Amino acid sequence: MDNRRVIRHIIRQLLEVQNGKLWMGDNFDRKINSITEREAFTKPSPSMHSVAELIAHLTAWSNDTILKIRNGTGQLRDNDEQNWPDNDSLKKLGWDTIVQDYRKSLSRVIDLLKDKDDSFLKETYYDQDFKGEFEYSFAIDGMLHHNIYHLGQMGILIKLIKEGRNAP
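For the sequence shown, the UniProt record's numbering gives the first residue as 1, with consecutive numbering after it.
If you're looking for bench data, these hints aren't it; they were derived computationally from the structure.
Some hints could be false.
[Unchecked claim] Here are the simulated DSSO-like cross-link-like pairs (lysine-lysine), alpha carbons at most 30 angstroms apart as the crow flies:
#1 K104 <-> K122
#2 K21 <-> K43
#3 K162 <-> K31
#4 K91 <-> K104
#5 K104 <-> K162
#6 K159 <-> K91
#7 K162 <-> K43
#8 K116 <-> K21
#9 K116 <-> K162
#10 K92 <-> K104
#11 K91 <-> K162
#12 K104 <-> K116
#13 K159 <-> K21
#14 K114 <-> K31
#15 K162 <-> K122
#16 K131 <-> K31
#17 K122 <-> K31
#18 K43 <-> K31
#19 K31 <-> K21
#20 K43 <-> K122
#21 K131 <-> K114
#22 K131 <-> K43
#23 K43 <-> K114
#24 K21 <-> K104
#25 K114 <-> K21
#26 K116 <-> K131
#27 K104 <-> K131
#28 K92 <-> K162
#29 K104 <-> K43
#30 K104 <-> K114
#31 K159 <-> K92
#32 K21 <-> K131
#33 K43 <-> K116
[Stated by the list, open to error] Restraint-style ranges between C-beta atoms, simulated for each label pair:
#34 G142 <-> R4: 18 to 28 angstroms
#35 P46 <-> N3: 33 to 43 angstroms
#36 E123 <-> D86: 31 to 41 angstroms
#37 S107 <-> D80: 35 to 45 angstroms
#38 R38 <-> D117: 25 to 35 angstroms
#39 D96 <-> L15: 19 to 29 angstroms
The model shown is predicted, which means the values in this text are computed figures rather than measured ones.
Ideal placement from N, C-alpha and C gives every residue a C-beta, glycine not left out.
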């Protein structure tokens, strides 16, 4: 019996959303590669995030998932500054660094999952935001759903930016 079927399926989905052929449209790599550094930091309106902010946000939650897998608990909370780093501090890092950090964090999650079998998904961790014990499947599925949600958001932001609807 294959005791890694579900883990392999999750890894495949994470990779497909990153750089595979998606039925729903472009993957992260295509979106990221479709914009310039200037566009990455552009906000279509003051109340919207930039693509750079979205990618940094995803990196923060991937890093928190790494902590959960390694230590049984994460640290990031919704109201933490690193959850949504501001555009000005991200500009100092630079677009290339932001993208590289994102890709590295996703690779680390995948590397950690590669060493697990499906029984890991039934093990529990402490979730700092929900203040309780949850199965790892909750965190891993949540990360995938979160990435897909923000992939769609990126598509809308990029379309608005390319149409020239930028905040002053």
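Now the hints, each set against the structure:
no.	hint	result
1	K104 <-> K122	26 angstroms, holds
2	K21 <-> K43	28 angstroms, holds
3	K162 <-> K31	12 angstroms, holds
4	K91 <-> K104	19 angstroms, holds
5	K104 <-> K162	28 angstroms, holds
6	K159 <-> K91	21 angstroms, holds
7	K162 <-> K43	11 angstroms, holds
8	K116 <-> K21	26 angstroms, holds
9	K116 <-> K162	42 angstroms, violated
10	K92 <-> K104	19 angstroms, holds
11	K91 <-> K162	20 angstroms, holds
12	K104 <-> K116	19 angstroms, holds
13	K159 <-> K21	20 angstroms, holds
14	K114 <-> K31	26 angstroms, holds
15	K162 <-> K122	44 angstroms, violated
16	K131 <-> K31	35 angstroms, violated
17	K122 <-> K31	34 angstroms, violated
18	K43 <-> K31	16 angstroms, holds
19	K31 <-> K21	13 angstroms, holds
20	K43 <-> K122	40 angstroms, violated
21	K131 <-> K114	27 angstroms, holds
22	K131 <-> K43	34 angstroms, violated
23	K43 <-> K114	37 angstroms, violated
24	K21 <-> K104	21 angstroms, holds
25	K114 <-> K21	22 angstroms, holds
26	K116 <-> K131	25 angstroms, holds
27	K104 <-> K131	28 angstroms, holds
28	K92 <-> K162	23 angstroms, holds
29	K104 <-> K43	25 angstroms, holds
30	K104 <-> K114	15 angstroms, holds
31	K159 <-> K92	25 angstroms, holds
32	K21 <-> K131	37 angstroms, violated
33	K43 <-> K116	40 angstroms, violated
34	G142 <-> R4: 18 to 28 angstroms	21 angstroms, holds
35	P46 <-> N3: 33 to 43 angstroms	50 angstroms, violated
36	E123 <-> D86: 31 to 41 angstroms	36 angstroms, holds
37	S107 <-> D80: 35 to 45 angstroms	23 angstroms, violated
38	R38 <-> D117: 25 to 35 angstroms	45 angstroms, violated
39	D96 <-> L15: 19 to 29 angstroms	21 angstroms, holds
The structure is inconsistent with the numbered hints 9, 15, 16, 17, 20, 22, 23, 32, 33, 35, 37, 38, although it conforms to all the rest.
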